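The chain contents come next:
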Amino acid sequence: GENVEQHPSTLSVQEGDSAVIKCTYSDSASNYFPWYKQELGKGPQLIIDIRSNVGEKKDQRIAVTLNKTAKHFSLHITETQPEDSAVYFCAASMLQGAQKLVFGQGTRLTINP
Amino acid sequence: NAGVTQTPKFQVLKTGQSMTLQCAQDMNHEYMSWYRQDPGMGLRLIHYSVGAGITDQGEVPNGYNVSRSTTEDFPLRLLSAAPSQTSVYFCAIGAYEQYFGPGTRLTVT
Chain A
1 GENVEQHPST LSVQEGDSAV IKCTYSDSAS NYFPWYKQEL GKGPQLIIDI
51 RSNVGEKKDQ RIAVTLNKTA KHFSLHITET QPEDSAVYFC AASMLQGAQK
101 LVFGQGTRLT INP
Chain B
1 NAGVTQTPKF QVLKTGQSMT LQCAQDMNHE YMSWYRQDPG MGLRLIHYSV
51 GAGITDQGEV PNGYNVSRST TEDFPLRLLS AAPSQTSVYF CAIGAYEQYF
101 GPGTRLTVT
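Protein sequences appear in the order of chains A and B.
Be aware that the first sequence starts at 1, since it is given in this note's numbering, and climbs by one per residue.
Be aware that the second sequence starts at 1, since it is given in this note's numbering, and climbs by one per residue.
Only chain B is shown next, with the shape it has when bound in the complex (with noise of 0.2 Å):
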């Protein structure tokens, strides 16, 4: 997936528990995004960063921050997790040919 790597690959919480999806690429990259998605929903934005220092909201940044201190990391935070944020989480680099990660499925109980 063109150099993005995403960890987990799996994760279970329970609702008010609080974790980081991490995100990270080689390729050198200021473009990245995290994006949700959801049966019958496409993906969803959610934040996105256009370099390091630099983060921005997409479409749906409720309960969920990220921070951006290097090129190569972008990773999302959830500091209470809730049953709405269950869902599969992908991370991608570009800005416009993206390249998408191979996501984390998250599982809030």
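So that you can see chain A by itself, here it is in the shape it has in the complex (with noise of 0.2 Å):
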């Protein structure tokens, strides 16, 4: 089956700059990649997610790359506030069968001011 590998598991940065969380995944059938944003006490909450017959996707300060031939696919966040302080997932599945997700182990972003 699908396993996803997540890294770092903690990251800090100072606010304002870019924030990189990376992904890699093994099952080559998986072609639809979500990340979700988990702020404490909540459920996950989509932000982002991308498709593999798209290498990126951007959306204001956040932005997803996906290398299918080396099965790794990246989020990005510019300009990072305080409120993107939080713990993201990366996940992977098939389209057909896109709720059997398969999430990362997460990443706790802390931005300091």
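Simulated from the structure, these hints should not be mistaken for laboratory data.
Please note that the accuracy of each hint is not assured.
[To be verified] In silico DMTMM-like pairs for lysine to aspartate or glutamate, Cα to Cα no more than 20 Å straight-line:
# : chain 1 : residue 1 : chain 2 : residue 2
1 : B       : Lys-9     : A       : Glu-39
2 : A       : Lys-42    : B       : Asp-26
3 : A       : Lys-37    : B       : Glu-30
4 : A       : Lys-100   : B       : Asp-38
5 : A       : Lys-71    : B       : Asp-38
6 : A       : Lys-100   : B       : Glu-30
[Said to hold, decoys possible] Computed footprint of chain B on chain A, listed as stretches where at least three residues anywhere in the stretch have a Cβ under 8 Å from a Cβ of chain B:
# : region
7 : 63-75
8 : 101-109
Quick caveat, the model's predicted, so the values are computed rather than measured.
All C-beta atoms, glycine included, are put in the ideal place defined by N, C-alpha and C.
Assembling the complex is the task here: the two chains are given apart, and the hints tell you how they should meet.
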């Protein structure tokens, strides 16, 4: 089955700097890669996703890149703000059966003022 | 949390007790899922449903039962709780863009 590895487990950056979180996956059949943000005491919230027919997707300060050959994808947050502090999870699945998400271990991102 | 409600928010059980975690949605989604979240392990899929009357196992189904008699509700049953089931449980709706409920924190002593 699919296995998703996420790095780093913790990340601390200065406000205004960029943050990058990386994930690798094992199943070449996976073609849907969402990212979730989880604030303390809440459920995860989808922030961006990418499908395998696209190499990069951007939404304001957030971007995701995908390298299908190397089987890795990354989340980029630019101009970080204190409200970006949270735990971020990557996930992978096949579009057919996309609800069977396999999650990475999570990255705790702290933005220092 | 996008019309997904979970009850209770917190629960403490003794080993061997049974209980049902409730999940309800008001968005008429066909797809519903249950995950557990443990430190350092992300979220792992327990069971999922693609519609009323249809359920299937996820990655970690042992010790849990589900049923789906209506589109709105997808309860998760622990028949005989074990300390290894201490976790935070999340219900989600949707197939691709999944929307998660607020979670139930379960402690089994």
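Are three or more residues of the region 101-109 of chain A within 8 Å, CB to CB, of chain B? holds (count 6)
Taking a Cβ-Cβ distance under 8 Å as contact, does the region 63-75 of chain A have three or more residues in contact with chain B? Violated, because only 0 residues of the region 63-75 of chain A bring their Cβ atoms closer than 8 Å to Cβ atoms of chain B.
Holds or violated: A:Lys-37 with B:Glu-30, Cα cutoff 20 Å? Between A:Lys-37 and B:Glu-30 the Cα gap is close to 24 Å, so the pair fails against 20 Å, i.e. violated.
Agreement of B:Lys-9 and A:Glu-39 with the hint, judged by alpha carbon distance not exceeding 20 Å: holds (16 Å)
Please verify whether A:Lys-100 and B:Glu-30 have alpha carbons no more than 20 Å apart. Given pair A:Lys-100, B:Glu-30 holds - Cα atoms ~14 Å apart, limit 20 Å.
Agreement of A:Lys-100 and B:Asp-38 with the hint, judged by alpha carbon distance not exceeding 20 Å: With a Cα-Cα distance of about 18 Å, the restraint between A:Lys-100 and B:Asp-38 holds, given a limit of 20 Å.
Regarding the pair A:Lys-42 and B:Asp-26, is the alpha-carbon distance no greater than 20 Å? holds (19 Å)
Does B:Asp-38 sit within 20 Å of A:Lys-71, going by the straight-line distance between their CA atoms? Given that 20 Å is the threshold and the Cα spacing comes to 25 Å, the pair is violated.
In summary, the structure is inconsistent with hints 3, 5, 7 from the numbered list given earlier, while agreeing with the others.
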